[in-house]
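Taken in sequence, the protein lines are chains A and B. Counting from 368, one number per residue, gives the positions in the first sequence under our numbering. Counting from 71, one number per residue, gives the positions in the second sequence under our numbering.
Accuracy of the hints is not assured; some may be wrong.
To be verified - Computed list of lysine-lysine pairs in DSSO-like fashion (alpha-carbon distance at most 30 Å, straight line): (1) A:K429 / B:K138; (2) B:K139 / A:K429; (3) A:K438 / A:K411; (4) A:K394 / B:K128; (5) A:K394 / A:K418; (6) A:K429 / A:K411; (7) B:K128 / B:K139; (8) A:K411 / B:K139; (9) A:K438 / A:K418; (10) B:K138 / B:K128; (11) A:K438 / A:K394; (12) A:K411 / A:K394.
To be verified - Restraint-style ranges between C-beta atoms, simulated for each label pair: (13) B:L88 / A:R382: 41 to 51 Å; (14) B:L88 / A:Q447: 20 to 30 Å; (15) A:I443 / B:L88: 41 to 51 Å; (16) B:I184 / A:E439: 46 to 56 Å; (17) A:A369 / B:N111: 24 to 34 Å; (18) B:S150 / A:G383: 32 to 42 Å; (19) A:Q448 / B:E141: 31 to 41 Å; (20) A:N420 / B:P100: 23 to 33 Å; (21) B:P100 / A:G383: 43 to 53 Å; (22) B:S122 / A:G383: 24 to 34 Å; (23) B:L77 / A:P406: 35 to 45 Å; (24) B:S82 / A:Q448: 35 to 45 Å; (25) B:S140 / A:Q447: 24 to 34 Å.
What the hints assert, rightly or not - Partial pick of chain A residues on the chain B-facing surface, computed with a CB cut under 7 Å: (26) E385; (27) G409; (28) L410; (29) F412; (30) E472; (31) F475; (32) G476.
Please keep in mind that the hints were generated in silico from the structure rather than gathered at the bench. From the three backbone atoms N, C-alpha and C, an ideal C-beta is built for every residue, glycine too.
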Amino acid sequence: NAGVMQNPRHLVRRRGQEARLRCSPMKGHSHVYWYRQLPEEGLKFMVYLQKENIIDESGMPKERFSAEFPKEGPSILRIQQVVRGDSAAYFCASSPFDRQGLDTEAFFGQGTRLTVV
Amino acid sequence: AQSVTQLGSHVSVSEGALVLLRCNYSSSVPPYLFWYVQYPNQGLQLLLKYTSAATLVKGINGFEAEFKKSETSFHLTKPSAHMSDAAEYFCAVSLSNFGNEKLTFGTGTRLTIIP
């Protein structure tokens, strides 16, 4: 069972371009979370998605950022018109659906390191 | 709202010595608490988690943590440090009923092991 797969691992974009980050959850996992890690900081929650639904996007910047988790295919975090301040490591995590939740854990991918030049 | 404070952004211990990484939390309701480890250029790996069962939680790689409600603490310990323990460690809290959602992380503690 492959782990959470994120691609690309490294992404360089010029200011004003679009960045698309992909996350394939572990097999059987229907919950996806995106986090952002700025240099020398901890991870900050961005968005929580289930298939075709955004459950909680309270950590998403109001503009330029969007996320989706379609019925088929990976979850996508999209950043339009990137700026230098978007440079960070973006981590995706997935977990299975479990109403109790206590015996499950969120598995993290290796992250995508976005550099805006 | 919940928050996590990790005291000490850098901790150095000698190989074989006790490892103690501090974490204090703030939460208006009983929290779920986690410790994650991050190796360079890697994702986060769960070390252990507290889910309101036993207050002393044992995790992987010989680590354990004790939930102390009176001190609002969840410090991570390991009796004897190994070179392979060098990494960054993050404490996190969740208020979700499911325990996994919307983790709030501390700023991390970088652990260095001195040979």
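Structure-based check of all given hints:
1. A:K429 / B:K138: Answer violated: A:K429 to B:K138 is near 38 Å, above 30 Å.
2. B:K139 / A:K429: Roughly 36 Å between the alpha carbons, so the hint for B:K139 and A:K429 is violated.
3. A:K438 / A:K411: 26 Å, holds
4. A:K394 / B:K128: Status holds; Cα separation ~27 Å.
5. A:K394 / A:K418: 13 Å, holds
6. A:K429 / A:K411: 15 Å, holds
7. B:K128 / B:K139: 17 Å, holds
8. A:K411 / B:K139: Between A:K411 and B:K139 the Cα gap is close to 25 Å, so the pair holds against 30 Å.
9. A:K438 / A:K418: This hinted pair holds, its Cα atoms lying about 6 Å apart.
10. B:K138 / B:K128: 15 Å, holds
11. A:K438 / A:K394: 14 Å, holds
12. A:K411 / A:K394: Holds. A:K411 to A:K394 sits at ~25 Å (cutoff 30 Å).
13. B:L88 / A:R382: 41 to 51 Å: Taking Cβ atoms as reference, B:L88 and A:R382 lie about 48 Å apart, which means the hint holds.
14. B:L88 / A:Q447: 20 to 30 Å: Roughly 49 Å apart at Cβ, these two residues miss the hinted range, so it is violated.
15. A:I443 / B:L88: 41 to 51 Å: For A:I443 and B:L88 the Cβ distance comes to about 45 Å; the hint holds.
16. B:I184 / A:E439: 46 to 56 Å: The hint (46 to 56 Å, Cβ to Cβ) holds, given that B:I184 and A:E439 are roughly 51 Å apart.
17. A:A369 / B:N111: 24 to 34 Å: 18 Å, violated
18. B:S150 / A:G383: 32 to 42 Å: 52 Å, violated
19. A:Q448 / B:E141: 31 to 41 Å: 46 Å, violated
20. A:N420 / B:P100: 23 to 33 Å: 27 Å, holds
21. B:P100 / A:G383: 43 to 53 Å: 46 Å, holds
22. B:S122 / A:G383: 24 to 34 Å: Violated: the Cβ-Cβ distance is about 48 Å, outside 24 to 34 Å.
23. B:L77 / A:P406: 35 to 45 Å: Taking Cβ atoms as reference, B:L77 and A:P406 lie about 21 Å apart, which means the hint is violated.
24. B:S82 / A:Q448: 35 to 45 Å: 42 Å Cβ-Cβ, so the 35 to 45 Å window holds.
25. B:S140 / A:Q447: 24 to 34 Å: Given a distance of about 48 Å, which is not inside 24 to 34 Å, the answer is violated.
26. E385: Because about 24 Å separates A:E385 from the closest Cβ in chain B, which is outside the 7 Å limit, the hint is violated.
27. G409: 4 Å, holds
28. L410: Check passed: Cβ of A:L410 comes within 5 Å of chain B, closer than 7 Å.
29. F412: 5 Å, holds
30. E472: Holds. Min distance 5 Å.
31. F475: Because about 4 Å separates A:F475 from the closest Cβ in chain B, which is inside the 7 Å limit, the hint holds.
32. G476: 5 Å, holds
Comparing the model with each earlier hint shows violations of hints 1, 2, 14, 17, 18, 19, 22, 23, 25 and 26; every other hint is respected.
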